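Asker: Residue numbers (our numbering), protein chains in the order written: chain A, 1 to 246; chain B, 1001 to 1221.
No lab work stands behind these hints, which were simulated from the structure alone. Hints may contain errors.
Have a look at the derived ranges for each label pair, beta carbon to beta carbon [what the hints assert, rightly or not]:
#1 A/Q202 to B/I1040: 45 to 55 Å
#2 A/V46 to B/E1045: 50 to 60 Å
#3 A/R156 to B/Q1076: 19 to 29 Å
#4 B/E1189 to A/D153: 47 to 57 Å
#5 A/W122 to B/Q1009: 53 to 63 Å
#6 A/A33 to B/T1024: 53 to 63 Å
#7 B/L1107 to A/W240: 51 to 61 Å
#8 A/F82 to B/M1001: 29 to 39 Å
#9 B/V1160 to A/D154: 16 to 26 Å
#10 B/I1040 to A/W122: 23 to 33 Å
#11 A/G56 to B/I1040: 30 to 40 Å
#12 B/P1042 to A/F85: 50 to 60 Å
#13 B/L1016 to A/W240: 52 to 62 Å
Here are some, though not all, of the chain A residues that point toward chain B, as calculated from beta-carbon distances under 7 Å [stated by the list, open to error]:
#14 I137
#15 F140
#16 G144
#17 A147
#18 A151
#19 I152
#20 R157
#21 R160
#22 A161
#23 L164
#24 L165
#25 N172
#26 I175
#27 I176
#28 S179
#29 W183
Non-contacting residues of chain B with respect to chain A, defined by C-beta distances greater than 12 Å in every case (computed) [what the hints assert, rightly or not]:
#30 Q1009
#31 L1014
#32 E1021
#33 T1034
#34 G1041
#35 R1069
Note that this is a predicted model, so its numbers are computed, not measured. Every residue, glycine too, gets a C-beta built ideally from N, C-alpha and C.
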Amino acid sequence: MENLRIRWFQWAAPQSFYPLAGRLWPWFAALAAVLTLAGMYLGFFVAPTDFQQGEGYRIIFVHVPASWMSMLIYLAMAFWAFLGFTFNTRISGMMTQALAPTGAMFTFLSLWTGALWGKPMWGTWWVWDARLTSELILFFLYMGYIALTSAIDDPRRADRAGGLLALVGAVNVPIIYFSVKWWNTLHQGASVSVTKGSSMAQTMLWAMLLMALAFWAYSIAMALYRVRGIILQRERHARWVQEVVA
Amino acid sequence: MSAFMAVLQRDLRLALRRKGEVLTAVFFFVVVATLFPLAIGPEPETLRKIAPGILWVGAMLASLLSLGRLFAPDYQDGSLEQMALSQAPLPVLVAAKVTAHWLLSGLPLTLLSPLLALQFGLDAPTMGVLWLSLLVGTPLLSFIGAVGAALTLGVRGGEVLLSLLVLPLYIPALVFGSGAVEAQLSGLEYGAQMSILMAMLLLAGFFGPWACALALRIALE
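Start from the sequences, fold in the hints, and give me the full structure.
Answerer: This is the structure we're talking about:
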């Protein structure tokens, strides 16, 4: 047990995490590429055409995994922020910052593909549905985090202030979701609902799961790749960085 | 408790020596509320329908406007650092400052709101619900906003950043606050929205100062 603990904290030092991240990220990137190809193939060529929505439904294979990732990455950021506050490790703040752009990207992708999907299915790009609205607010939260951390010059303060914001945001996400949901039922009658009653075909489910795993691998690869850049930038005065760069 | 009262009295006295700053936020609220009828048109039916939303958004923006001054002057002259070093727990002092902020921005807005509601043609019971929802809602806005104000303390472009951070977090208060007024307006029960607003106020009043004190320590170190 004692040994295990020491090993975990060994990776908390930027100096030892940098090569680890360097070794890991190509594997995750390759995994992401393979899974994306498999998922795309299954989703676009094997999965049957939906009898109600035709071919247009196939955007689900990007849309749903992107929405999942957008929420999951915010939780992951809150997790790293929490680790940062409890253990006071420097790498936690760097990981939080490294995850944020990927999360914002997936949130945007989810909104974008949702609009593309909504146009042929509901005849409109946007509805003030509870899920769409709370996804948009999640996007605002990501933007707020990125704006705050990039406005603070001192990296330690940026990490801690951003971490606190991520935690406050994570507490607020369910409250926002339920308030928007209630607001939605108050204002609109039953216009459109994003939830589909139909059960999915087995291949569709598999394609979606593959794509979700691909996005997982992509997020991990991107976060590790980005954290390497952040480490180099932050530790540029350290001797080991100068040796690595030289 | 004595520390709480001392900080509260100090902040109130300081603010009352510079009345202009307090009045600015209140007049901002009045001006914003006046712009909407001019932009949308004077039809009483439309105005009555949009009044809860407009008055609530106006109150939110006015509360946001004065948030920048919550900690900034004390941060600049160093008294915030003294507060952080003092024996009294920082969350208590923060709670006092937030209370002072509410007394100076939220409460005047709330007191003024029936007058603006009159302009929008709301009837007396609806006016009462609006008043009540703002009375519960504006301190909630102050508590949430204080965390954002502490996070952006002394940061480049802090004022704009503050609105970007805080406005998304204000959304639940907006939904339930204006929702209560709208429920009354359409003849429904407003008790549920008001209870949730109250519950959120209690949660924010308990956890807000604590998170805010943490943010202040981050800014001060």
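Asker: So, for every hint listed, does it hold in this structure?
Answerer: Structure-based check of each hint:
1. A/Q202 to B/I1040: 45 to 55 Å: 53 Å, holds
2. A/V46 to B/E1045: 50 to 60 Å: Since A/V46 and B/E1045 have Cβ atoms about 56 Å apart, the given range 50 to 60 Å holds.
3. A/R156 to B/Q1076: 19 to 29 Å: Cβ of A/R156 to Cβ of B/Q1076: about 22 Å, so the range 19 to 29 Å holds.
4. B/E1189 to A/D153: 47 to 57 Å: For A/D153 against B/E1189, whose Cβ atoms are near 51 Å apart, the range 47 to 57 Å holds.
5. A/W122 to B/Q1009: 53 to 63 Å: This hint holds: roughly 57 Å between Cβ atoms.
6. A/A33 to B/T1024: 53 to 63 Å: 57 Å, holds
7. B/L1107 to A/W240: 51 to 61 Å: 57 Å, holds
8. A/F82 to B/M1001: 29 to 39 Å: Holds - the Cβ-Cβ distance for A/F82 and B/M1001, about 32 Å, lies within 29 to 39 Å.
9. B/V1160 to A/D154: 16 to 26 Å: 20 Å, holds
10. B/I1040 to A/W122: 23 to 33 Å: Cβ of B/I1040 to Cβ of A/W122: about 28 Å, so the range 23 to 33 Å holds.
11. A/G56 to B/I1040: 30 to 40 Å: 37 Å, holds
12. B/P1042 to A/F85: 50 to 60 Å: Once the Cβ atoms are compared, 53 Å apart, the range 50 to 60 Å for A/F85 and B/P1042 holds.
13. B/L1016 to A/W240: 52 to 62 Å: 58 Å, holds
14. I137: With a minimum Cβ separation of about 5 Å from chain B (threshold 7 Å), the hint on A/I137 holds.
15. F140: 4 Å, holds
16. G144: Hint holds; A/G144 Cβ to chain B Cβ min 4 Å, cut 7 Å.
17. A147: Check passed: Cβ of A/A147 comes within 6 Å of chain B, closer than 7 Å.
18. A151: 5 Å, holds
19. I152: For A/I152, the interface hint holds, since the closest Cβ of chain B sits about 6 Å away, which is under 7 Å.
20. R157: Holds. Min distance 6 Å.
21. R160: 4 Å, holds
22. A161: With Cβ-Cβ at 5 Å, under 7 Å, it holds.
23. L164: At about 6 Å, which falls below the 7 Å cut-off, the nearest Cβ of chain B leaves the hint on A/L164 intact, so it holds.
24. L165: With a minimum Cβ separation of about 6 Å from chain B (threshold 7 Å), the hint on A/L165 holds.
25. N172: 5 Å, holds
26. I175: 5 Å, holds
27. I176: Holds, because the Cβ-Cβ distance from A/I176 to chain B comes to roughly 6 Å (cut-off 7 Å).
28. S179: 4 Å, holds
29. W183: 4 Å, holds
30. Q1009: 29 Å, holds
31. L1014: 26 Å, holds
32. E1021: Consistent with the label, B/E1021 stays out of reach of chain A, its closest Cβ about 24 Å off (over 12 Å).
33. T1034: With a cut-off of 12 Å, B/T1034 remains clear of chain A, as the shortest Cβ separation is near 25 Å.
34. G1041: 21 Å, holds
35. R1069: 19 Å, holds
In this structure, none of the earlier numbered hints is contradicted; all agree with it.
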